Amino acid sequence: MPSQFVVATFSDPDRLLAAVRTLRDHSFPIYDVYTPYPVHHLDRAMGLRRTRLPWVTFFAGLLGLTLAFSFLSYTTVLDWPLNVGGKPDNSTLAFIPICFELTVLIGGLSTVAALLFRARLFPGKKVRLPVPSLTDDIFAIVLRRRTEHFDPAMVSRLLRNSGACDVHEIETQL
Amino acid sequence: MSATVAAYAEVGPQLLPPTRWIDEGISLQQITDDISRPMEARPGRGWWICFAFAFAALIEFAAVITYLFAKGVGIWGINNSVGWAFAITNFVFWIGIGHAGTLISAILLLFRQQWRTSINRSAEAMTIMAVMCAGVFPLIHLGRPWDAFFIFPYFPNQRGPLWVNFRSPLVWDVFAVSTYFTISLVFWFLGLVPDLATLRDRATGRVKKQIFGFLSMGWNGSFRTWARYEMVSLILAGLATPLVLSVHSIVSMDFATSLVPGWHTTIFPPYFVAGAVYSGFGMVLTLLIITRHTMHLQRYITMRHLDKMAKVTMLTGMIVSYAYATEFFSAWYGGNIYERYHFINRATGPYAWCFYLMVLCNVITPHFLWFKKARNSVAMLFIVSILVNIGMWFERFVIIVVGLHRAFLPSGWGMFYPTRYDIGILIGSFGLFFTLFLLFIRSLPMIAMWEIKDVTASSAHIAKIIEMTKHDPPQKDSEVAMNA
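Chains as they are written, first to last, in my numbering: chain A, 1 to 174; chain B, 1001 to 1484.
Only chain B is shown next, with the shape it has when bound in the complex:
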């Protein structure tokens, strides 16, 4: 029973009843059956079609990267003026996608938001896969990727006593992203353990039983363990919350600590974090709309869940819009001619179409979500979520490429045009992401069964209380005052 339910039980009908996220009356066994079904049945046609596309893109990714390693980064469109382009855009984009997963699993846990339970497992999986996609880019972006281990300090230090530059945000990034990946993975796996035990106990095949048995670490549902487990979940959530804020802040510092006009601003950390959550929620919506449909999980990922996610998308979208406006304002008000030129160039230069596409997707699109009709329409939410993804990719492209292509000296100006290899790695990274996600929803429970069981129990409790208060008519205000 959550705090809201307790409050409702005490104050009764004077409060609006708390939302029932899952309809009551679903038995615990039914929940196990429903959520395990996608793993036990043969995949449907929808899944195979998605997987075929994703896997083809993954193979294409591997091919392009192989060619890249053979030929070098010269096959991309980067040049002396624009040294960071698609690879870093993709890196920031994918890291950002991951942030919604941690927000849902950690921050909403701290805020005791029950609606997170239907979506947290897949959102966390999305985080891990997105960070994996992101991790590829700084590596392949290095001219000599086989020397990538140079970015880690290691013992014995074979570079003489010279160490990596710990004052550089690029090194902070290495620590931030690897810590983020590790903690997210551990948090996700820990959350899976009770469900793996459930799968172990219902598995019929010997191999399945052994695999789930090995991974579930002898979990038997002992409440003494549960009590500790809940505490550890809370602690990890408490650690992951500042961690997720730090990761995108540090990513933004890769730009903000440089002197490039358009990058060198103090607004970057909060602006990037809001953008990350916004794009991540866009991606969570896209993924969950597809999976709830193809895996028939509408009972667990309800329209109420989609509505909540749409609201968070709208809120963060407006924070992002506000950041855009602030950037323009400080460029004008700050009086720095290079900064001012950057923003004039952003809105009227050769990449202006990217800027307007970004504004269309990130500033205008979220406002459709003010309408309940839009939030209640799966098709509409799907379109909005795709536009959010497109807009946020272009936001990073605008920041990075428009910032670099016309910096201080006009003699150093240039243009960036993506080659087919640039586009190939972008598409390929989606291939990696969707292949992993599609395999995940077929092999592990994509909804946390034990958390759903917990929520249905409290739904049943709410129903009971509402039923009780119906028979016991609410006191009049005067009576309440007298009693008080």
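Just chain A, same shape as in the assembly:
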């Protein structure tokens, strides 16, 4: 469903930061900010919550560790115990390298998968850009235009005063 957005473009990250702070001070909810590189301190200015993705790493890593250790124990202790150099069947120390590798492998891949899932990125996805050349040198703040409690004139004034190069409205799906 396409909706109405107010898009303000900037050429300077410092002005962008200032504009984000101003909008937040005036309690305008920001839909999103688009930048060609991760601008420092923008997360705090936008009031973004810390991502919970590290938890995915933690639990997926734990899963990898458990799977690896169970598999090694199953094969060498239960399924076919084999005397190799007189070592005990359950030679836990010798299992550490493989357990470690699989912890890292499953933890890492799951984290990336979770990122792609959360950010709704997938190969072949059609891109939706509020303004072109966002991935080159333009910064943009996007606000969703709603019917109540939204004064477009005031938003436009605030954005222009903070140094926006251009403020315009679009109807699209982001």
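Read the hints as simulated data drawn from the structure, not as lab findings. Because the structure is a prediction, the values reported are computed rather than measured. Yeah, the Cβ is synthetic: ideal placement off N, Cα and C, and Gly gets one too. Honestly, I wouldn't trust all of these hints.
What the hints assert, rightly or not - Label pairs and their computed distance ranges (CB to CB):
(1) B/1356 with A/117: 54 to 62 Å
(2) A/170 with B/1185: 36 to 44 Å
(3) A/88 with B/1298: 56 to 64 Å
(4) B/1304 with A/170: 38 to 46 Å
(5) A/49 with B/1157: 40 to 48 Å
(6) B/1157 with A/118: 36 to 44 Å
Starting from the known structure of chain A, fit chain B onto it as the hints suggest.
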């Protein structure tokens, strides 16, 4: 703004200004244009000459491997005494090369070293290609390479209930190297996504637009995604750091857990890791010196970057030298006659020339880098980097072949002489490596554009702060003390 810049802003002129890695005043658009240029322009003569050599070597590689599969490993110089020679030397050499890439992309990210941004993309690509080259060798070294899948445990287990020996470092290697390859590839590709989006948005051709559009996964620069993306990069760096240490440690255990004199030592894991980083930095220097010249990227890969890399090379070179000395010391002090004989043989036996070549390249060469003049001379750095590569290849050769050719019983002694097929696969693996690398620098951005944009922004910030503090003269020490 990095932590150093923040600290400088607070304390001001009492600190030395942080280094500006990229000169400020380059616009963001300029960065995109400069870095995309090698992909959009026709390749120059330098590139074609390099590619012709590399591709010829790659074809030769394919031919030798085909012949090897037809005839068997008997075409190599290996024999009953020396069963591991060039193939395993090349394996360890290439895996080691890869390590510098991960060090630059992961460990330097954790340490917040901004100079990594100009070189991390190509160093990571180098890692992936080096691990690909390395992966070839254990496979072709198997007598029956078509049974290579036996090294993986798989379901349903058609070998009866007998499983691979999970207590063996050779099996650990399979897990370590494949995990390393997978994580490096994912890390590298994830880093590419924002740049692929940039390329998609500036592509003019339909096919290019579609390919980059498909690969960039709908990236639109949303900051909500950036925030998560940065966290995931940090997590992957945190995972890749112990991973890279584990990989060469496990490779070293292939040797250290055996009983062969000269191999059976506990120093191997850290010694191999230091050697890997050393050889990898040698290779990064070689590659970047060539590419910054042929692709005209001196503005982004500056002499300051080369200087930093030279310093890491020197440091790791000295760690490697220290490990050599420790090996000799423990052979003498340990009182094991076989171990002692191995080291006497290493320095005075039939392969002594390899040992002295190794010492010359790995122990003496890095000390040239103490001199600023040497670190500032591209020619000198190039020569040093080539010598480092040669020295590190010979280090593995000395460890493997000298260890095997005179082990315990003199009746089992022998000599290894490489045949033309041994030399052919060594040259061929360089062909594979350089062909892949040359294709990479023509088809993907070899410098991370978005990271460079980030660094220029902070350079501009530093410039602003320095300008501000100039107008605001520093307080005297007594005043600072009073204020405190």
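C-beta pair residue 1157 of chain B, residue 118 of chain A: status relative to the range 36 to 44 Å that was hinted: 37 Å, holds
Assuming the hint says 56 to 64 Å, is it satisfied by the Cβ distance from residue 88 of chain A to residue 1298 of chain B or not? 60 Å, holds
If I claimed the Cβ atoms of residue 170 of chain A and residue 1185 of chain B lie 36 to 44 Å apart, would that claim hold in this structure? 38 Å, holds
May I ask you to test the hint 54 to 62 Å on the CB atoms belonging to residue 1356 of chain B and residue 117 of chain A? Because 57 Å falls inside the window, the suggested range holds.
Okay, residue 1304 of chain B versus residue 170 of chain A on CB: inside 38 to 46 Å? For residue 1304 of chain B and residue 170 of chain A the Cβ distance comes to about 43 Å; the hint holds.
Evaluate the given range 40 to 48 Å for the C-beta pair formed by residue 49 of chain A and residue 1157 of chain B. 47 Å, holds
The structure shown violates none of the earlier numbered hints.
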